[in-house]
Amino acid sequence: MKRRSFLKNGALASLSLPFVQNGFSMQAIAKQLFDVPKSAEDKVLILIRMNGGNDGLNMVFPRDQYAELVVQRSNILVPENQILPLTTEVGLHPKMTGLQTLFNEGKLSIIQNVGYPEPNRSHFRSMDIWTTGALDINQTSGWLGRYFDSAYPNFPDAYPNVDYPDPFAISMGSEVSTTCQGLMGNFSHAVSDPFNATNLLLTSVTNDGTYYGGQIEYISTLINQTNEYGQQISSAAAAGNSLSNLYDPLNPLAVQLKYIAQMISGGLKTKVYILNVNGFDTHDAQVDQNDVKEGVHANLLKRISDAVRAFQNDLQLLGLEQRVAGLTFSEFGRQIASNGSMGTDHGDAAPLLMFGSCISNGIIGANPQIPNQVNNQAGLPMNIDFRDIYASILKDWFEVDQQVIQSLFEQNITYYDLLQGCTNSVSEKPIIAQQKPLVFPNPSLGQHQLKFMSGQEYLEVFLIDQNGKVLQKSFEGQLNNGQQILSLEIHTLKAGAYYYLLKSGSRQELVSFQKL
Amino acid sequence: MTPYTGPWTSAEAAHLLRRCTFGASFQDIQNAVGAGMLGAVNQLFLASSMDEPLAYDVGEQIVPLGQTWVSAVYPTNTSANQQTEGARMKSLAAWLAKNLNQESLSLTEKMLFFWQNHFGVSTSGDARAMYQYLQLLRQHALGNVKQLVKDVTIDPCMLLFLNGSTNTVFSPNENYGRELLELFTVGKGAQLAAGDYSTFTEQDVAAAAKICTGYIVQGVRSDTQTQVSSQFTLVLHDTSTKTLSYHFANQTISAAGALEYANYIDVVFNQADTALYICRKLYRYFVNHDITSWVEQNIIADMAQTFVANNFEISPVLTELFTSAHFFDISVRGAIIRSPLETLCAMLNTSNTTANFDLQSTYQIYLSMYGLADQMGQGYAAPPSVAGWTSYYQAPAFYRLWINSTYIKKRFDVANLLTSNFYNVNGNVFKIKVVDFLNGLSAPASAPQVIDDLCLVLFPKDIPAADKLAIKNILTNGLPDFEWTLQYNEYLADPTNPVFYNPVELRMQAVLNVMFKMPQFHVC
Numbered sequence: 000m001k002r003r004s005f006l007k008n009g010a011l012a013s014l015s016l017p018f019v020q021n022g023f024s025m026q027a028i029a030k031q032l033f034d035v036p037k038s039a040e041d042k043v044l045i046l047i048r049m050n051g052g053n054d055g056l057n058m059v060f061p062r063d064q065y066a067e068l069v070v071q072r073s074n075i076l077v078p079e080n081q082i083l084p085l086t087t088e089v090g091l092h093p094k095m096t097g098l099q100t101l102f103n104e105g106k107l108s109i110i111q112n113v114g115y116p117e118p119n120r121s122h123f124r125s126m127d128i129w130t131t132g133a134l135d136i137n138q139t140s141g142w143l144g145r146y147f148d149s150a151y152p153n154f155p156d157a158y159p160n161v162d163y164p165d166p167f168a169i170s171m172g173s174e175v176s177t178t179c180q181g182l183m184g185n186f187s188h189a190v191s192d193p194f195n196a197t198n199l200l201l202t203s204v205t206n207d208g209t210y211y212g213g214q215i216e217y218i219s220t221l222i223n224q225t226n227e228y229g230q231q232i233s234s235a236a237a238a239g240n241s242l243s244n245l246y247d248p249l250n251p252l253a254v255q256l257k258y259i260a261q262m263i264s265g266g267l268k269t270k271v272y273i274l275n276v277n278g279f280d281t282h283d284a285q286v287d288q289n290d291v292k293e294g295v296h297a298n299l300l301k302r303i304s305d306a307v308r309a310f311q312n313d314l315q316l317l318g319l320e321q322r323v324a325g326l327t328f329s330e331f332g333r334q335i336a337s338n339g340s341m342g343t344d345h346g347d348a349a350p351l352l353m354f355g356s357c358i359s360n361g362i363i364g365a366n367p368q369i370p371n372q373v374n375n376q377a378g379l380p381m382n383i384d385f386r387d388i389y390a391s392i393l394k395d396w397f398e399v400d401q402q403v404i405q406s407l408f409e410q411n412i413t414y415y416d417l418l419q420g421c422t423n424s425v426s427e428k429p430i431i432a433q434q435k436p437l438v439f440p441n442p443s444l445g446q447h448q449l450k451f452m453s454g455q456e457y458l459e460v461f462l463i464d465q466n467g468k469v470l471q472k473s474f475e476g477q478l479n480n481g482q483q484i485l486s487l488e489i490h491t492l493k494a495g496a497y498y499y500l501l502k503s504g505s506r507q508e509l510v511s512f513q514k515l
Numbered sequence: 000m001t002p003y004t005g006p007w008t009s010a011e012a013a014h015l016l017r018r019c020t021f022g023a024s025f026q027d028i029q030n031a032v033g034a035g036m037l038g039a040v041n042q043l044f045l046a047s048s049m050d051e052p053l054a055y056d057v058g059e060q061i062v063p064l065g066q067t068w069v070s071a072v073y074p075t076n077t078s079a080n081q082q083t084e085g086a087r088m089k090s091l092a093a094w095l096a097k098n099l100n101q102e103s104l105s106l107t108e109k110m111l112f113f114w115q116n117h118f119g120v121s122t123s124g125d126a127r128a129m130y131q132y133l134q135l136l137r138q139h140a141l142g143n144v145k146q147l148v149k150d151v152t153i154d155p156c157m158l159l160f161l162n163g164s165t166n167t168v169f170s171p172n173e174n175y176g177r178e179l180l181e182l183f184t185v186g187k188g189a190q191l192a193a194g195d196y197s198t199f200t201e202q203d204v205a206a207a208a209k210i211c212t213g214y215i216v217q218g219v220r221s222d223t224q225t226q227v228s229s230q231f232t233l234v235l236h237d238t239s240t241k242t243l244s245y246h247f248a249n250q251t252i253s254a255a256g257a258l259e260y261a262n263y264i265d266v267v268f269n270q271a272d273t274a275l276y277i278c279r280k281l282y283r284y285f286v287n288h289d290i291t292s293w294v295e296q297n298i299i300a301d302m303a304q305t306f307v308a309n310n311f312e313i314s315p316v317l318t319e320l321f322t323s324a325h326f327f328d329i330s331v332r333g334a335i336i337r338s339p340l341e342t343l344c345a346m347l348n349t350s351n352t353t354a355n356f357d358l359q360s361t362y363q364i365y366l367s368m369y370g371l372a373d374q375m376g377q378g379y380a381a382p383p384s385v386a387g388w389t390s391y392y393q394a395p396a397f398y399r400l401w402i403n404s405t406y407i408k409k410r411f412d413v414a415n416l417l418t419s420n421f422y423n424v425n426g427n428v429f430k431i432k433v434v435d436f437l438n439g440l441s442a443p444a445s446a447p448q449v450i451d452d453l454c455l456v457l458f459p460k461d462i463p464a465a466d467k468l469a470i471k472n473i474l475t476n477g478l479p480d481f482e483w484t485l486q487y488n489e490y491l492a493d494p495t496n497p498v499f500y501n502p503v504e505l506r507m508q509a510v511l512n513v514m515f516k517m518p519q520f521h522v523c
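Chains A and B are the protein sequences, given in the same order.
FYI, the numbering for the first sequence is 0 to 515, going by numbering that gives the first Met the number 0.
FYI, the numbering for the second sequence is 0 to 523, going by numbering that gives the first Met the number 0.
Since the hints were made in silico from the structure, they are not lab data.
A portion of the hints provided could be inaccurate.
[What the hints assert, rightly or not] Partner residues aside, some chain A positions facing chain B, computed with beta carbon under 8 angstroms:
1) G184
2) Y210
3) H490
A virtual CB, placed ideally from N, CA and C, is assigned to each residue, including glycine.
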């Protein structure tokens, strides 16, 4: 018997990482740049996806414009005296008493009129925009996936490991979340029940006694046994606790949030939990025609309000409040005017909710303006770019370096105070993106952009490797004042860390990037 | 063997194609339904055309890039010679993976792999010899097995692999003679006494070695000879008369020079054990690992009878098997765990996903596919021993040996890779053509029908309704079914517009990613 030796002559040695040519090779310098601050390590973010397009105007009411709402959506409009007041201008749906309580305790904020430019009213395209955090049609990594890639660049190779034994993100249910799609893998782990945290995605496999049944039972058993994250999750859930008696066991969101409280209190180091609530696509019968404060949408809002209230109560009792913050999102809001079927059709911007004891409480942004006359099919225009909300959360909550954050997004970021309720720092005014040069996307595969502000200058851009060796001159030319964007090809570069050196009579600046 | 006379629906057609090819599309299954059982089975025996492996790697120093190296000399310089061999082996590995991925709807690739596992060759020292050997297996893949064993016996690659090239009258080497009996023909039975294995004895091993003496191999990595060849050399041949054991009725093999080995193989094939042994291996490859006494008496015996009656032509045996009631019996459907190569190809071939880039990128992608299967535990033409992969013979686990804690993770990694947009070679993104896959289904605008069709293509049996619902929710992104219909129709009205195309692609990628990780996908 001979040992196998087909192709053992070294030809295939390079195949240990065949996924991407040359694989990853993160350099020490990049690691420094992307290190996660200690104070951010314990922070947990909860994302609740309101799937289908949430009718923001039936959740957060501009009380000062009730008369206009009557004109536009009288058949579904909650009576004025039943709206739960938050401020003189803003109120909540009557079913959201739980969130009203949180608002009064300073644990709920509302971000008004969030959307993106040039809205697309397709559920699928619009949800892809919200989960990728990008308008670029070719972007398929998620906004959190890009952040995780920058901070944990070798994922999923060598994970889990001693330093990072737990999943970075958990998606409650049977599907991993697109928000966490990274370059080489999805950072989220799908969990239906943390006490039985298999990564079998669907229902349990039953052996029907045939050969087939025996084989799939064998495979599913093996999948469970080798699911290291599953064991971490199950033992954390078992070690964890839940102290609130406000959870309604018949409310699926409440059940999932209770699981999350148990996992967090049990010591799981997961940073992001994603939950999903279906049913917001309320084209017809959004409200009960006999009592418009009841109905499908009201039930969904109640489910969210009650569950979040219970969760927040639990976190308080567990002493975990300062570690956890939450955000809701939906692919779009709905049109201002209701339709004839007691429902609403796909629209544009909508309010987001943030919860937690560390949020910057209050109402962020102005009330939507409801005109007396609306164009056919008008939605609410966007006032706040959703990508800026994501960027602000990364900055405030995960304490990501602003230069890194800018490299994850395509827009010039405007930051908002969202999560400064637990910091003593003076809240900063929204600032326009920093003026330092940046590379987008970073890390990069085949091509990327170098963005920077220029003066009247003759500029040269050099490509430099990590040893300081100049590889080529990537650009030279006379520039005018303003923002510059250079599109650069890097197909031929080997994986690793590089710099661009921007050099002119008046400056010498370095910007680093990684080639995958 | 009792012929199958039950209904011929897409479930039966899909079962046939799952077992007999490396992956059939939804349309292939529908065509097979239309052709009827006999028509579909006959189609599998049609010959397929084949190109030759091409030079693509800069290590190749003789042949220009883009041309074949299979009959080209090697460089004289030692280091250049080694580099050229490395380049040719990479080319060969990539070409093998390409052939699996681009197979026509034919049994050829599946049977080529069967013989490759059967003879267990994993090295030659010369890429041309390995290529010739594999072409020999391909030539006889659906043909005469007795002739195949004869040709393999004096094939240069086999002579090198099992030391036949140094087996001489002066210094007999039993390596090939032993495996010829133990693994390639009569098989090894229970040990009756010292040196007696029920079907042969040590006396037969010694005789077989002597019978095969005298073949030498010329031209390995030669800078003058364009082929590796074997040559009979009378002075190295043992011209004595060889006497076989009582298992062979003490027959004698008299000296017959270059043809003596062929006379001997005729005798070996006259042993009833040879047909039975090969038919058992075919059964384990195509039907189920468990050879019960019922199977032995009713299936294996009939196969062997057909095999002998047709002078060891394999097509009649397989045709009978693939049209039998037992082959379609519900008790054996889904009984086989897919091998790594079958798993990889099932991910790609079911959607007709192939790599068609420039020569170098295409070969690099296929070399990388070779590597992916290798990492999952199966390097083509590189079995762990001359006995082939343990999954095909090691009781009691058999196919379960394909999957362990390391390999299941690799399978999931490969699923993640192929359902993403990040498999990038020289700027070319290689990914499953999920939208073409979708468009080839019976009703792409209907979310429930999409899931039904995908289950038919990917899973051996229907799955619980709750599972289908969960998968459907991934396709529709949790929305009502009509929203998927609207989205798909928008894409159809403007198919190249990424605003419509990309969301459809992303949903299908998510669906396939989940289905590829279900246990049901890993059996066939």
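Quick rundown of the hints versus the structure:
no., hint, verdict
1, G184, "holds, 5 angstroms"
2, Y210, "holds, 4 angstroms"
3, H490, "holds, 5 angstroms"
Violated hints: none; the structure is consistent with every hint.
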